Structures are given as structure tokens and as C-alpha cells.
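Asks: Sequence:
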Amino acid sequence: MGDVLAGFHAAWEFESDSVLIRFERGIRTPKLFQALGERRIPLEAIAAVTLSPGKRGTVVLHAVPRPGADPLMEAAAGQLKEGCDPYRLVLPAERETLAEYYADELRAQLAPDDGEPADRFLVAAPEAPLQFKAYDGKASFDGKLVSFRWFWTGASSAKWKAGDQSFLVTDLSGIEWRSPEVFEGHLRLLRRETPVEQPGQADQDPAAVVFGLGYGPVHESLPFAASVLAAVRASGPAPLSDGVGTGASAARAVRRDPADIADRIRHLGDLHQAGLITDDEFTTKKAELLAEL
Numbered sequence: 005m006g007d008v009l010a011g012f013h014a015a016w017e018f019e020s021d022s023v024l025i026r027f028e029r030g031i032r033t034p035k036l037f038q039a040l041g042e043r044r045i046p047l048e049a050i051a052a053v054t055l056s057p058g059k060r061g062t063v064v065l066h067a068v069p070r071p072g073a074d075p076l077m078e079a080a081a082g083q084l085k086e087g088c089d090p091y092r093l094v095l096p097a098e099r100e101t102l103a104e105y106y107a108d109e110l111r112a113q114l115a116p117d118d119g120e121p122a123d124r125f126l127v128a129a130p131e132a133p134l135q136f137k138a139y140d141g142k143a144s145f146d147g148k149l150v151s152f153r154w155f156w157t158g159a160s161s162a163k164w165k166a167g168d169q170s171f172l173v174t175d176l177s178g179i180e181w182r183s184p185e186v187f188e189g190h191l192r193l194l195r196r197e198t199p200v201e202q203p204g205q206a207d208q209d210p211a212a213v214v215f216g217l218g219y220g221p222v223h224e225s226l227p228f229a230a231s232v233l234a235a236v237r238a239s240g241p242a243p244l245s246d247g248v249g250t251g252a253s254a255a256r257a258v259r260r261d262p263a264d265i266a267d268r269i270r271h272l273g274d275l276h277q278a279g280l281i282t283d284d285e286f287t288t289k290k291a292e293l294l295a296e297l
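Residue numbers for the sequence shown, in this note's numbering: 5 to 297.
Quick caveat, the hints were computed from the structure, so don't treat them as lab data.
Note that this is a predicted model, so its numbers are computed, not measured.
We treat Cβ as the ideally placed atom computed from N, Cα and C, and that holds for glycine.
All the given hints hold, so there is nothing to weed out.
Cut-off 20 Å, straight-line C-alpha distance, at most; resulting in silico cross-link-like pairs (SDA-like, lysine to any residue):
#, residue 1, residue 2
1, Lys165, Trp154
2, Lys35, Lys85
3, Lys137, Leu149
4, Lys59, Thr101
5, Lys137, Glu185
6, Lys290, Arg270
7, Lys85, Ile31
8, Lys137, Leu217
9, Lys148, Gln135
10, Lys85, Val68
11, Lys59, Ala15
12, Lys290, Gly273
13, Lys137, Leu40
14, Lys142, Glu131
15, Lys35, Ala10
16, Lys148, Leu172
17, Lys142, Leu172
18, Lys289, Ser183
19, Lys59, Ala103
20, Lys85, Glu185
21, Lys35, Ile25
22, Lys142, Ala162
23, Lys165, Gly204
24, Lys142, Gly158
25, Lys289, Leu217
Pairwise CB distance ranges, derived in the manner of DEER restraints:
#, residue 1, residue 2, range
26, Gly273, Gly240, 40 to 50 Å
27, Leu217, Glu131, 27 to 37 Å
28, Asp123, Gly273, 45 to 55 Å
29, Glu28, Gly273, 30 to 40 Å
30, Gly82, Ser20, 24 to 34 Å
31, Gly167, Glu100, 49 to 59 Å
32, Lys165, Ala81, 25 to 35 Å
33, Gly218, Gly82, 17 to 27 Å
34, Ala266, Arg99, 50 to 60 Å
35, Ala112, Gly167, 50 to 60 Å
36, Gly218, Glu100, 38 to 48 Å
37, Pro57, Lys142, 37 to 47 Å
38, Lys59, Leu294, 41 to 51 Å
39, Gly167, Gly218, 19 to 29 Å
Make the full structure from the sequences, and use the hints.
Replies: This is the structure we're talking about:
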């Protein structure tokens, strides 16, 4: 088609085999969009196209991605807020007729089986090298190796004992990203083979970094996770697992070091003081931590 449809924060350029999404840079543009810059979405990566009313006199054109087609959305595992969904184009309501035209044009080009899960990533992942600061360490990825360097102000004693860590993507089976916008957010690397079971708590796992107030924001940690996930998938198929996979978490009862409990309570207090958790949430979580002693 070759036409361009501009909305708030982004413009979509329609081509014969793809949609090129260019995100704006500005104070009001979500930081994740600014970090992504632009993304080319092949038509075969789109499962459906919808147009619906938005907020405050807007309409939303939404290209629904196929499951398994985009490493960014696979890593996010449904945790992105609506306003940070890169597949949504928000437009003024008076452009609804034009948006409907492009929605129909896109639908006409989708294959009947485009709603089926993709057997490989069809959308390019953010390019390495990438890095970000977590609460307990600095994470970096050069395309082949993921490295964690611990901070003495945030890392647990278990991580200090283990020392700084490096992981080849060929030794990984996937990633687990828990949004920093929820309590106990983290990024965990899932290993193909481990001598011992990975700790259930991310702050005890040398293969994970934990997020905190101002640490590991979505626009830094999610592209990082997507890039690692794409490299892992490209290195070979992951072995069959026992239910622990990308976007999933394993709850395990772990008896923890008193020093680590103190670290987590201190971090909990920081979140409470900043107004990010309520009094009841603080009291409940503190009691849970103390119960693990």
C-alpha cells in the first residue's frame, strides 16, 4: 500500500508485506516506544486487526500479534499496560473512517492461518549490546553472553558468595520477566541444565536480577529480555521442561538467610515510604518474610 497513518506517539507505514511502525520521541511518548524507535511487523506476524473506541475522543487501531511471533511480546507475557502496547495506534475520533479503511485493507491481506501460533520469531528483537541497572546488579548482554555484576548495596549474601555471573545463551532455555511495575519484579535466566535446582526467590538466584524503585524500568529491562530470548531461541530448541518456562515462575519453599530477609524488608520499607505499596501490603509482606526465618 505504501500509505502512512499517523496517530498519537506513532505512525504506521503500510507496505505490501509488512507494517513499519515508527514511534515518536517526545515527553508524552511512552519510554518503551522511544526505546524501540521503529519496528517492522511482517503481515504473517499479525493474527487479527481491530478498531475500537478509545479514551477521551479517540479510536484505537490494534494489530493483534500471533502467539510466538514477537520476542518482545513473548517476554512481556501479557504484563504490558495498555498504553505501552506497541501494536496499538491511537488516533483522534474524527479519523475513524480512515482508520477503518486501513483496518479492512490489513484484514484482506492476512492469511487464514495467521492466527495460529508461530513456530519461530517473525519480528526482529532489539539489537544487542544492551544493558540496564537492576536493584542488586548491572545486567549486560553482547548477543552471546549475559553478564550480571552485583552491587554491594543491593545484592543478597547468596549472590555475593556466588560472585559475578556470566551465561552463554547456548546454556539457557529461556527467560522469565516479571514487570518492575509490580512487587518483586525481576529478570531470571532459565538454564538448560543446572547442578542444583534454581532458588525460588529471585533475590537468592545468581541467574536473576531483581528490580526496585527506579531500577530495571520496562523500557530498559523488557527489550533486554526480548533480545536474550531471541538469541536463546536462535541457538537451538529448548529441551522439554517440567513446567518451568518462559514467562512462568516456579514457587518453591526456600529457607532464607537472616541477612537476606533484612535486605528485603529494607527494600520493602523503601517501596512503602515512596507510596508504591499500601500499609496493609507492607505489613502482610513483612510478616511473610519474617515467617521464612
